[in-house]
Every structure is written in structure tokens, then in C-alpha cells.
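Can you join these two chains into the complex? Each is in its own frame, and there are hints to help.
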Amino acid sequence: MGFIGNALYYSFHPYQLRSIVQWKVWHNPPHERNPANETQSEKDCFKFLDLTSRSFSAVIQELHSELLMPVCVFYLVLRGLDTIEDDTSISLETKEPLLRGFDDFLTQEGWNFTGNRKEEKDRELLVQFPCVITEFMKMKPAYQAIIKDITAKMGNGMADYCRKAELSDASVKTIEEYDQYCYYVAGLVGEGLTRLFVEAELANPALLERPHLQKSMGLFLQKTNIIRDIREDNDDKRRFWPQEIWSKYVDNFDDLFKPEFKEAALNCNSEMVLNALEHADECLFYLAGLREQSVFNFCAIPQSMAIATLELCFRNYDIFERNIKITKGDACSLMFASTQNLRVLCDRFRDLTRKIHKKNTPKDPNFLKISMACGKIEKFIETIFPSQNAEEANRRVQGVLSEEQLKKREEDAENKSDVYFMMALMGCIVLFVAGTMMFFAWLMGARFDLAFKELMGGNFRPPAPSAIHEDL
Amino acid sequence: MLKSKKVLISGGTGFVGSATVRALAARHPGCAITVIDRSPPRAEHILPKTIQCMQVDVTSAAEVDRAIQTVKPDIIIHTAGIVPSVVDRFSRRLEREVWKINVEGTRIMLNAALESDVEAFIYTSSCCVVTDDLSTPYCNIDEEWPTSHTSLIYGESKVQPNGHLLTPPLGSVGEGDYQLVPALHACIAKYQTPFIIGDGQNLWDVTHVRNVADAHILAIENLMTSRTASGEAFFIQNNEPITFRDFCLAIWSHFGHNPPFEIRIPEKLAYVVGFLCEMVAWVTDTHATLSRGSVRDACAVRYVSGEKAKAILGYEARIGIEDAIRLSCEEYARRIGVVLPARC
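Line order of the protein sequences matches chains A and B. 248 is the number of the first residue of the first sequence in this note's numbering; add one for each residue after it. 11 is the number of the first residue of the second sequence in this note's numbering; add one for each residue after it.
This is chain B alone, in the form it adopts within the complex (with noise of 0.2 angstroms):
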């Protein structure tokens, strides 16, 4: 189906573009990939050997166009953006430079796409720009549910009015993860993991890398066909809500830690502390770990309805949420040098 086509994808050497771009190389080994991306192939995100790169800013008109004019693809993958680390999430600080490559790079993108024979453009956009408004919860919504208003800049700035993949951006675990599993990871060094903010009976839905990447290639294939799926969003995650209590808990269950005891802490009052931390953090010009946001985020219930991308993309999570939690843990256990202890 996809012989001899040409597909470009930009942010090809990031988390979820390399991703796609090995399922696509194992999937479909006819079709030629170009990656372009801000960055040199990294380390942690292997990439196969018959693709090729170019070092591309999407924020620059210019190289976008000469790189679209030289390889002429025929589908064009759009993953490059940028997710604001947990400290930045919810704050304003890298605002300007979210929105420039998110929102800025993408219109680019698109634009170039426009002017040349693309036949297909798929743009990874993220759940966020409907679930960071952290004000409510989010207990099985689908695709028909409105952008929110008030909300972090990574959610505002994923914003777009294409067919779009909406993905789990804090909620993607894998290969080359470098948001999640550290983060939690890291939780255990700073004996933070015994305390349960909220009740921590909220569900939410996470899912692994190469799911998404899946899902990506079966949006290829679905324009290169019936397109169905044109000027669709769909959500991509697992289909498997867990809470996140239990999510943190596996994983640190991974590392060989279990939290000794547990130490409930009501919401408002987390909150009330989370502000305390960022008043002192602006004080002394530092980074908070705990913040407002950080604790709506713990609290909150977010998962969708996978109901959509099944019955149009014929999606269906292959890695299951145990298997994808395990892989995550065994490959960042390896990328920082640990043994995981034995499990029965």
C-alpha cells in the first residue's frame, strides 16, 4: 500500500516521532522516511539506519520549504513540538517559546505541505487541549468535547484546527521517556512516594510510545485509502484507565520500592501548601516541585473514549498498560545504569 511512497517526519528524532518512525520502517519497509528535526539523531532514540535525517528548524519558514521542495513527500508526519518539563507545566515561563514552535512551527508546516503534493498530513497533537483546563474532571470524554479556555501553554499551544492524533503527552510512557518514568523514578531519592495527595481513587489513562506510534501508522494507511479519517481528531491512549495512584505505585514496585506507609493529604490542603511552595519558589527564584498545578494534575481524572479511533482507525492498543509500564521501566533502568530487582 505505501510502496515506493515518500514520508516525511518532522521531530523524527524526539519520543514520539522516532517511535513512529521505526514502526513505520518495520511496517511498511517500502516507503522512504526523511526525519527532520531541530536536533542530531540522540542516543536514546535509536532510529534505523535506512532512513535519513535533515537538520531542520520547523520554525524557520525558509529551511521547512527547502527541505519539503527537496524530498517532495507524499505524507507528511508531524510530531515536532516541544512539551514543557513537569517543572515548566504550569508555569507561564517558557510560554513564548512553546508557542512559537508548537503553534508557530505547525502553521509552517502546514503551509509548505499546502503549497506542494501532499496527499496526506497528520499532526500529533496532544489530549491537552482539552483536559489542561485542571479545573474539572475528565471521566470518559470523546472527541466531540470542546478545546478548554483557561489552560497551561503546552495545552493552548497544541491547539490546532486539523486531523489530529490526540496523544497523552504526560501520559505516554517507552523507549527513550524522558518526562514520566524519571520523574516518578525520581520520587523514590526524595522519599516523596508515601504521600497520596487527594483521595487517589482518580482514574487516568496512560499508554506506551510504540501504541501511539500504531496509531500514527494506521492514520496512514486510512488516508492512503478510504480516508475516513480526514479532518478527524482522534484520541490515542490505552483504553485501560488505572489511577494514578497505581500507576506511580507499579512503577516504583519496579525499582523495588514499595512506600512504607502512606500519608493522605486532602486536596485543598496540598493546594494551599502547592501555593506556599510557589510563593517561596518566586521569592528565592527557584523551581517548586510541588505546585497548584501539580497537585490538580495528581487529582485529576482524565480518560477518554477509545470508542472513535477503533471504529474509524481500527486502533486498539497492542502493548497492554502492564507490559507497557514494565518495558518502561526496564529500558530507563537501563539507560541510567540499574539493575531491577527480581520480580516473582
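With the rest of the complex left out, here is chain A (with noise of 0.2 angstroms):
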């Protein structure tokens, strides 16, 4: 847009900028590495962490010192396999064992590939690799097994959906196969962070005991990013949305891209979004449960953005057209929110749950389920941080007032008594002074008597002073 367009832009839209500046002047990062003392291979991953990732390099750079590494050198992995499994001009036959080796290419030392096309954005991570390798051999023991177990897994989900891809077709059809698809390439990224974490003891233990809530951290994002990159991925010949949805709604999926089909494109639009919404509590219930603040900014940024962007797409026709985001300003001031704690979070969720409820129309055929789901998000937090208590109401009932309260009422009364002295005081000093200018008129000679007798007399004006000139 360039700087005049941008100057305009912020002129018009002053707290957008307001929330940048805020961002830049007050976010304080928990954590700083030292590029000092960072050997060649360390400063190689980070360089590489800058180039591939533009979201996650910053949160990831803030991490407590436990973690950086080892989420950085995690990060990378999964983006090498990832690069393998998006580069088309690969066959299958060379394909396949790679992604469901690569968990052991980790500890061969100096391994790399060179086989990606030159259009590959990432081609220069695999061909540099040895650097990640080398970074993950000097790991603990534990992250290492945590790392490895977790790329398997993913390299085998990968490999299993290229191979379908191959064989039949990889549309997704039904949302049990859209949540699979989901967890292989978000789910399974969000177990490997939740054991990393309790494994640096600063996450609590339990959030490996429901699974589901780490599961939901990982879909969430993901379904967000598949609702709202529809146009770039059909464009890429690419469908995420199952069919099991959006079959409700048009014969064919590309229907959903003519003009004709705007209702039924927007009600499944709304399905979607549903579909999305209903892992927002979960997210929140995780949440709760880190300890260390970095990595709850690192767990808490990217949630406040997709259910920001999850709040721009509902119902919004432009994600057929192009792609959207929400603007720098949005995103800022919701890092800002997402970088304090649970509680500002929450009332952040809680009013973008409200501009979707806003948006929400009778007129969808998922009118009651979006707003019960938006009910679910809003009573989950009440369940956390509750507006008010039993305790509380009983005391009402009963006219007793609480400690805080009867000390606010003495400090009131205190204040109270404070502004009339102040009054008093003034009041005298006003009198003393009036009385004492009275006085020292009267004793130059002013003749108040002939003045209250003008005044009673009705007499409000000083004599013209022509008439004066004349007497004289």
C-alpha cells in the first residue's frame, strides 16, 4: 500500500495504530536469547526459523531458555517434513519412505536432501539440514524421544494421506476424516508441545491426562486456517472442507464459489465456523493450565488470532473471493491481550464469541447451534472466573456488608467528612476576606445604608454618570 497509503489508512483508523504503538513501546519479552553465546549451529536454526516461519519465529525466540531450543529445533523439523510432503514434482515411489523415515534421519548425522524443485520456498532448510540435526543430538534425552515420536507419527499420517491422494482422491469427506486430517498435521504438534512443556516442568502434568485438550489446541488453529485459506486452496486444487458439510449446502464444491450460491455458501460458511467454535472452550480450559508465561504467550497468541479470524470469516463472503486477514492493528492489540494473562484472554474470547453471536442470523440453518455454541464459550468462562459468588449473594440477602466493603464505606465516610471540612474552610475564608473589604470600605467612607435602601427599592443599576456630571 506504500506510505502515503499506509499514512491514510492510519489517520482514518487511529486505534489500529494506537494498538501497533503499544505493541512496539510495551510488550516486554519474558525472555530474550543471547545471540552472543550461541554457536553456528544455533544461529543457523534461528536464521532458518526467520525465514520459514513469520508468525511463530517471534514467540518461539521469546521462549524460556529450557525450551527455546528444543521448540525451535521442533519447529524446523516438522517444516522439513512438511516441505517434502507439499512438493508435487516428488513421486510417490521417493516420497513415501521419506516421510515415514524421516523421525530417524534426525540422528544421521549430516543427512540432507537435495531433491526438492527449485520453486520449493523451504528447498534451503533440507539442503542445510545437518545444522537441525546437530542442534537436536546436544537435546536432552527425553525432548529428543518427544520430538522423534511425535515426527513418526506425523510422517506416517502424511504418508498414508499422499498415498490415498495418489490412489483414489484426497478430498475429505467426512468430518470424522476432517478431524483426522486435522489432528495429523495441527493435533499431534500441540501433544508433542503439551509433553515438552510438562517435561521443562512449566506446564501442570494434568494436561496430559486429557488429551482432548491439547487435540483441540492443534484444531482449532487448523480448522481456522482451512476455513479461511478456502479461495488460495482451491485455487491449488486443494479441498479441506469435507463433503459430509458442505454437501448440505451445493451439489458441487465449486458451486461454492458462484455468485448464485451466496446464501448456501455463507450457511456453510456458518457450519464450518460452528465446527470451529466448538473446540474454543477446550483451548481456554488448556490454557489454564500452563504455568510459565512465555509459554503461555507462545500457547495464547496464536488462539486469540484464530478466533479472530475465525470472527472476520463467519459469514463473510470475501473468503470465497480472496484471502483475508485481520489488519496489524487487530493482530497487535490482540498480542498485547494474549501476552498478559488468562483473565484479560478470557474477555478478549469473550467479545469477539460476542461480535460473532452479533453477526449470527435467524435466517441459517445453524442459527441455534452457533449461538448455543457461543452460550458455551461464554459460560465456561463464568465457570472460571465467575462475576459473583454465593457467598456473596447470601451476604446481600441478608444486608451484611463484607470486610472490603465495610472498609470502603469507612474510607468513604472519612472522605466524606474531608470534603466538608475543606468546605467549611473555604466558606470562612470567603466570609473573612468579603468582611474585611466591607470593612475597610466602610472606613473610607461608603455609605452602605444608601446602598441597601437603592436596592430594596428596586434600584439595581449604579447611577447614570451624565447625572454626576451635571451635579458637579
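Source of the hints: derived by calculation from the structure; they are not laboratory data. Check each hint, because a few of them may be wrong.
Said to hold, decoys possible - Straight-line alpha carbon distances no greater than 25 angstroms define the calculated PhoX-like cross-link-like pairs of lysine-lysine that follow:
hint, chain 1, residue 1, chain 2, residue 2
1, A, Lys623, B, Lys320
2, A, Lys290, A, Lys395
3, A, Lys495, A, Lys610
4, B, Lys200, A, Lys602
5, B, Lys200, A, Lys610
6, A, Lys509, A, Lys575
7, A, Lys411, A, Lys294
8, B, Lys82, A, Lys623
9, B, Lys82, B, Lys59
10, A, Lys368, A, Lys572
11, A, Lys575, A, Lys294
12, A, Lys605, B, Lys278
Take a look at the structure:
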């Protein structure tokens, strides 16, 4: 948009600008990496992190030092896996063993892969993969085991998917398949990260006993991306919206993009959003189990972005025409909220849920279901942060005041008496000054008796000056 | 479990009572059910043929005693009560009558039960005992909540010191619903649907009368076995809070009506208008549709936690809110002879 465009935009959207400035000025990273003490391979890893991820790089680099390298390496390993899977120039015969055996490459010093086509944007990462392997080998064995396990699971999942795509067709049929797909590409990441957090003792171990929570974290993000990217994916001949959902509204998937099916497309959009929204309360539940600020930020930022994106996409026909995303100002304000605490984040979630709710219309076949999903999120927030409690209500009914209220009342009374005292003092001063002035006026011969008589006679004006002259 | 048990249900020809009778007869065909009610069986509340009906006024101790002596019930379910209609809900006009039936009636029933060999007494109260103080919101409240002191006649009259089920009185829909769906349906003809009082974001929890009936049966089953529910109060709702506005929109949409536009009225302004309407109604001696009470009712946040009922009674709503609204609209449409438009 260029500088002038930006200047114009922000002069009409001051709040956006305010959020950006606020974020830049007031965000204090909980931890910062120290490039001076880093080895060459560490530096290389961060270089690739910057190159491969726009959104995650910054938050990863603010992570607690215990998790900094493990999460960075984990991200790069998965990105490497993804680069092989995405490359359509590699035949299934070559691709399948690469994906299935990717976890073994992590322990083969010096392994790299040069078979990607030139256009593949993260090709260089796999060419220089040895730096990732070096860092992987330096990690604690417990972290290695976790990353290896998840890589194996994801590699196999991707291989199954590629095989299916080659032999029949890869489009997603049922909602179950859709969840399955999202689980392989995102749910597993949630699982790996949770295990790393717990291993580093930065998250509540109880999270591991509730695997559906971490699964929801991944699915919520992935489903939001799938909804937002429908146009882009379709242009690339990829379809992730499950047939079980879209077939309720249109006969052919391509009809979603035709103007004559606009209403059907919007209804389909709202069912997809509903499907994603059902994970939101579990995401908040998960975030409540994180103990360390940097880990909380790392998890909360993508989640708040996701619900904002979902709000933006909900019943928005633009998603079928072009790629849309939340504005930079909104993103900054969300990041600001996501790096405070769960309470602030929950308030944000509630606001966005209400915005979704506001766009809901009774003409939509999923009207009530969406209303219920919004109600569920709000109720969940109310359970973790009750706005009132029975004890207080009991006190209110009995007319008894709590200690805080009593204290406040005392303070109020004190303040009040202070104010009265000040006013009385002011009154005295005014009286004293006025009295003194009148006394001096009297000394100089002022005729108050005449003035008083005139006033009583209804004459409030001083005599006209001309009359005085004549007298003289 | 309930084989050859004798069950007496007061108010059994009413809305909640008849639903409980039907559910009990279906679930436990072995038990003998007797209905006592002031009114004879009504057309809109169908009762199974196998049950026995007695015309008894619960405010008369003699009549109640006689009925209990004759039936010798093992279990009493006391649902008899009067729910003032929407118009009278906020006034004190019916205070004496409501008080007499809901309080005196219950006292008479309890005394009669104490003198006979009744094993279980279940009282259908209302969440209004807690939530009828309209001045505060009720978000996700639980059974520890106190009963309110300033309140509406109905809520006050339902405060009782016994184990009871707290049901949503103006919040139940279903077969034979004579308050909620009819009142909201009437808004269409009166062109009231575009007006939103308040921010339209206030959540409340509705339930289907069959879910309420289910809860009664679970309560009986509990009191006949483990008795963990003895002396306890339970909130019975759907645990699926939605906004009041959405609830209305969903009902109107079933009748093929979608408000063509929306006008938001701030709660404070509506409250003042409500007050003026009340004055006009007072001067002209009529009923005001809009009153301070109804404004606050429409803006009230009222949803509860279903944890206790789930933990002790094992209660979970069998009919989801979506089906509850659909079933009620279909039933009401049949009753008034309207054909609902087909939905996609």
C-alpha cells in the first residue's frame, strides 16, 4: 500500500495505530535469547526459523531458555517434513519412504535432502538440514524422544494421506476424516508441545491426562486456517472442507464460489465456523493449565488470532473471493492481550464470541447451534472467572457487608468528612475576606445604608454617569 | 424398582404434572399413579388411560387428607401450583391467591404426607425462588445461592424448606405450554419482534417439560434407592444457555417470521417507558404489556450450573434446546391450527 497509503489508512483508523504503537512500546519479552553466546548451528537454526515462519518466529524466540532450542528444532523438523510432503514434483515412491523414515534422519549426522524442486520456498532448510540435526543431538534425551515420536507419527500420517491422494482422491469426505486430517497436521503438534512443556515442568502435568484438550488446541488453529484459506486452497486444487458439510448446501464444491449460490455458501461457511468454534472452550481450559508466562504467550497468541480470524470469516462472503486476514492493528492488540494473563485473554474471547453472535442470523439453518456454541464459551469463562459467588449473594440478601465493603464504607465516610471540612474552611475564608473588604470600604466612607435602601427600592443599577457630571 | 409402588401426583393435569405422569407411566408401567388436581383432565395435557384421577383442591386440608387416606401413596410428587401469567407476574394483584395455593397448599400436602407412610416427597419448586429478585444478573449460579428477599409473588411463594427441584417456570417449553411460546408467538401479530431491549446478549437457560419430567423420575429413583438426594434442592435446566433474543428469534423463525429490521432500545429507556405504561394502565385500569418488570425480565441474565443435578441425580437433558424449541412450536401450531412453513 506504500507509505502514503498507510499514512492515510492510519489517520482514519487511529485505534489501529494506537494498538501497534502500544505493542511496540510496551511489550516486554519474558525471556530473550542471547546471540552472543550462541554456536554457529544455533544461529543457523534461528536464521531458518525467521525464514520459514513469519508468525511463530518471534514467540518462539521469547520462550524460556529451557525450551527455546527444543521448540525451535521441533518446528524446523516439522517444517522439513512439510516441505517434502508439499512438493508435488517428488513421486510417491520417493516421497513415501522419506516421510515414513524422517524420524530416523534426525539421528544421522550430516543428513540432508536436495531433491526438492527449485520453486519450493523452504528448500534451503532441507539442504542445510545438518545444523538442525546437530542441535537435535545436543538436546536432553527426553526431549529427543518426544520430538522423534511425534515426527514418526506425523510422517506416517502424511505418507498415508499422500498414498490416498495418489490412488483415489484426497478430498475430505466425512467430518471424522476432517478431524483426523487436522489431528495429523496440527493436533500432533499440540501433543508434542504439551509433552515438552510438562517435561520442562512449565505446565501442569494434568494436561497430559486430558489429551482432548491439546487436540482441541491444534484443531482450533487448523480448522480456522482451513476456513480462511478456502479460496487459496481451491485455486491450488486442494479441498479440505469436508463433503459431509458442504454437500448439505451445494451439489458441487465449485458452486460455493459462484455468485448465484451466495446464500448457500454463507450457510456452509457458518457451519464450518460452528464446527471450529466448538473447540474454543477447551482451548481456554488448556491455557489455564500453563504455568510459565512465555509458554502461555506462545500458546495464547495463536489462539486469540484464531478466534479473531474466525470472527472475521464468519458469514463473510469475501473468503470465497480472496484471502482475508485480520488487520495489523487488531493483531497487535490481540498479541498485547494474549501476553498478559488468562483473565485478559478470556475477556477478549468473550468479546469476539459476542461479535460472532451478533452476526448470527435466524435465517441460517445453524442459528441455534451457533447461539449455543457462543453460550457455551461464555458459560465456560463464567465458570473459571465467576463474576459473583454464593457467599456474596448470601451477604447481599442478609444485608451484611463484607470486610472490603466495610472498609470501603469507612474510607468513604472519611473522605466525605474531609470534603465537608474543606468546604467549611473555604466558606470561612470567603466570609473573612468579604468582611475585611467591607470594613475597609466603610472606613473610607462607603455609605452602605444608602446602597441598601436603593437595593430595597428595586434599583440594581449604579446611577448614570452623566447625571453625576451635571451635579458637579 | 418401582414395581407396585403407589404414586400420588398433585397438579397432575397441569403442564409439568401431566408431563411427569406420562413419563412415569412410560418408564415404570408397574406403579399405580393417582392424579389429584383442582381441575379435571384438560384437552391440551393428555394423560395415560391407566391412571386414576381425583378432583381435589390442595388448599383444603380435609380433601387432601381424604385423598391420601384413600390412596395410601408410597411417593408423593407435589407439582400443584399456580404460575401467574406474564401480565400478572410483576404485579401484586394475585398475591393472595398465589400465596394460598403455592404456600398453604404445599404446607397442607406436607402435613398430610407426614401423617401417612410416605417414603418420598418431591416438591416442584422454581428457580424463581432465587432469581426473581430482578435487580441482579444470575450467571452460572449453583444451589448454594440464597433465596432472594425482594422478589415477585411467584418466586416468594415457592420458597419452601424441603428437598425440591428448581425448575424454570417461565423457562419451560413443550406439550401444552400455555405461557412461553404462546406469549412470544403473539408478538408477531403485535409487530413487536424488531425491538431489542438491552444489548441482546443476556443468556438464559430454557428447558423442555419432558426434561423436567425426567428429573422427577430420577429423583424418585434416587429416593427409592441410595437417597443421596434427600433434603437437597436441584436446578433442572438444559444447561445450554442461549441469549433470550435468540430464543425468541428461533421461535419466530419456526412460524416463518424473521424481523425485517432491528431496533435496539437501551434498557434504561425501556425501563422508563415501562414505568409510564404502568401508570397509564393504572389510570385506565388495564394491563400493560410493557412494564418495569417485563423490561428487566427481558434483559435478565439467568443461567445455572447443572453440576449438582448431574452428580447426584444423574440428570442430563435428553431433549436438546434445538429440538425443544422445534417440538414446542410444532405442538403449539397444531393446537392453534397453524401450518408451519417448511424449513430447509
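These are the hints, each one checked on the structure:
Taking the CA atoms of Lys623 (chain A) and Lys320 (chain B), the gap is near 17 angstroms; set against the 25 angstroms cutoff, the hint holds. Only pairs whose Cα atoms come within 25 angstroms are accepted, and Lys290 (chain A) paired with Lys395 (chain A) is accepted, the gap being roughly 22 angstroms. A threshold of 25 angstroms between alpha carbons decides the hint, and for Lys495 (chain A) with Lys610 (chain A) the separation of about 15 angstroms falls inside it, so the pair holds. Restraint check: the Cα-Cα separation between Lys200 (chain B) and Lys602 (chain A) comes to about 29 angstroms, which exceeds 25 angstroms; the hinted pair is violated.
Proximity of Lys200 (chain B) to Lys610 (chain A) is assessed by CA-CA distance (about 21 angstroms); at most 25 angstroms being required, the pair is judged to hold. Under the criterion of a C-alpha separation no larger than 25 angstroms, the hint pairing Lys509 (chain A) with Lys575 (chain A) is inconsistent with the structure, at around 28 angstroms. For the hint linking Lys411 (chain A) to Lys294 (chain A), the alpha-carbon distance of about 35 angstroms lies beyond 25 angstroms, and the restraint is violated. The suggested pairing of Lys82 (chain B) with Lys623 (chain A) is violated, with an alpha-carbon distance near 45 angstroms, which exceeds 25 angstroms.
Proposed proximity of Lys82 (chain B) and Lys59 (chain B) is supported: the alpha carbons are some 21 angstroms apart, at most 25 angstroms. Distance restraint check for Lys368 (chain A) and Lys572 (chain A): the Cα-Cα separation of roughly 21 angstroms lies within the 25 angstroms cut-off, and the hinted pair is therefore satisfied. With a C-alpha separation of about 24 angstroms, the suggested pairing of Lys575 (chain A) with Lys294 (chain A) holds against the 25 angstroms cut-off. Of the pairs offered as hints, the one joining Lys605 (chain A) and Lys278 (chain B) holds, with about 21 angstroms between alpha carbons and a cut-off of 25 angstroms not exceeded.
Going through the hint list in order, the structure does not satisfy hints 4, 6, 7 and 8.
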